[in-house]
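Starting from the given sequences, assemble the full structure and let the hints guide the process.
Offset between the sequence shown (1-based) and our numbering: plus 141.
Think of the hints as simulated: they come from the structure by calculation, not from any bench. Quick reminder that beta carbons are idealized off the backbone N, C-alpha and C, glycines included. The reader is advised that the hints may include incorrect statements.
Taking lysine-lysine and the DSS-like style, the derived pairs with C-alpha atoms no more than 30 Å apart in a straight line are [stated by the list, open to error]: (1) Lys198 to Lys186; (2) Lys228 to Lys183; (3) Lys286 to Lys228; (4) Lys198 to Lys182; (5) Lys234 to Lys286; (6) Lys228 to Lys182; (7) Lys182 to Lys234; (8) Lys198 to Lys234.
Now the in silico label distances, taken between C-beta atoms and shown as ranges [said to hold, decoys possible]: (9) Gly280 to Ile191: 24 to 34 Å; (10) Asn180 to Asn208: 16 to 26 Å; (11) Leu303 to Ser184: 33 to 43 Å; (12) Gly280 to Asn208: 22 to 32 Å.
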Amino acid sequence: MAIQVAMIIFDGFEEIECVTTLDLLRRANIRVDLISIDNEKKSIKGSHYIELVTEYKFQDFIETLSNYNGIIIPGGPGIVQQLTNQKLIDTIKRFGLLYLNENNNNNNNNNNNNNNNENNNNRFLAAICAAPQIFGKSGLLKGRKVTHFPGCNQFMQDSIELLDQTVVIDGNIITASSAGVTIPFALKIVEFLKGIDASNLLYSQINPIQIKSS
Numbered sequence: 142m143a144i145q146v147a148m149i150i151f152d153g154f155e156e157i158e159c160v161t162t163l164d165l166l167r168r169a170n171i172r173v174d175l176i177s178i179d180n181e182k183k184s185i186k187g188s189h190y191i192e193l194v195t196e197y198k199f200q201d202f203i204e205t206l207s208n209y210n211g212i213i214i215p216g217g218p219g220i221v222q223q224l225t226n227q228k229l230i231d232t233i234k235r236f237g238l239l240y241l242n243e244n245n246n247n248n249n250n251n252n253n254n255n256n257n258n259e260n261n262n263n264r265f266l267a268a269i270c271a272a273p274q275i276f277g278k279s280g281l282l283k284g285r286k287v288t289h290f291p292g293c294n295q296f297m298q299d300s301i302e303l304l305d306q307t308v309v310i311d312g313n314i315i316t317a318s319s320a321g322v323t324i325p326f327a328l329k330i331v332e333f334l335k336g337i338d339a340s341n342l343l344y345s346q347i348n349p350i351q352i353k354s355s
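Shown next as structure tokens:
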């Protein structure tokens, strides 16, 4: 089965975190569906007034939830409103409870040993900047190591916060601290899904070795 990932966006999302991650995963031949949190509109405006046209409404996504290997949530000031979006919180909790635990041991055995094969059966949740708070509100971070943007710590009291780290992977949960580390964040998602070789290849494609001038 082909790898399929959902990226959920909302008014006020952080454009760098969304578009950079979306672009890099698609370069790695990972299908990423752009999901509108609002069932009434497809065009979603980011925090810097860049609009993206989504491919699916949130209700469509919910109805096909089991098809997805993972869910990615970018940060941005719009996260504040989403912390009270019970449908989003319940969906993230449902995905976590149904799919993360059943694959956690398999992921630890494979990915952490530099597995170079696609992990089509593994599931994950990924969030960056302010977005890990959504996972906290969903009750999925108890005892989990996470990072996030400084000060964006609502519902994080049960987690183990590693704010000196830019990207943290704990089992099937991937978190990152800010827009400035979006590339490493995306590369870690690629590594989780397709192995370290695929991640390294992608990095070499976007950052070829520069010839030093004499």
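Hints breached by this structure: No numbers; nothing is violated.
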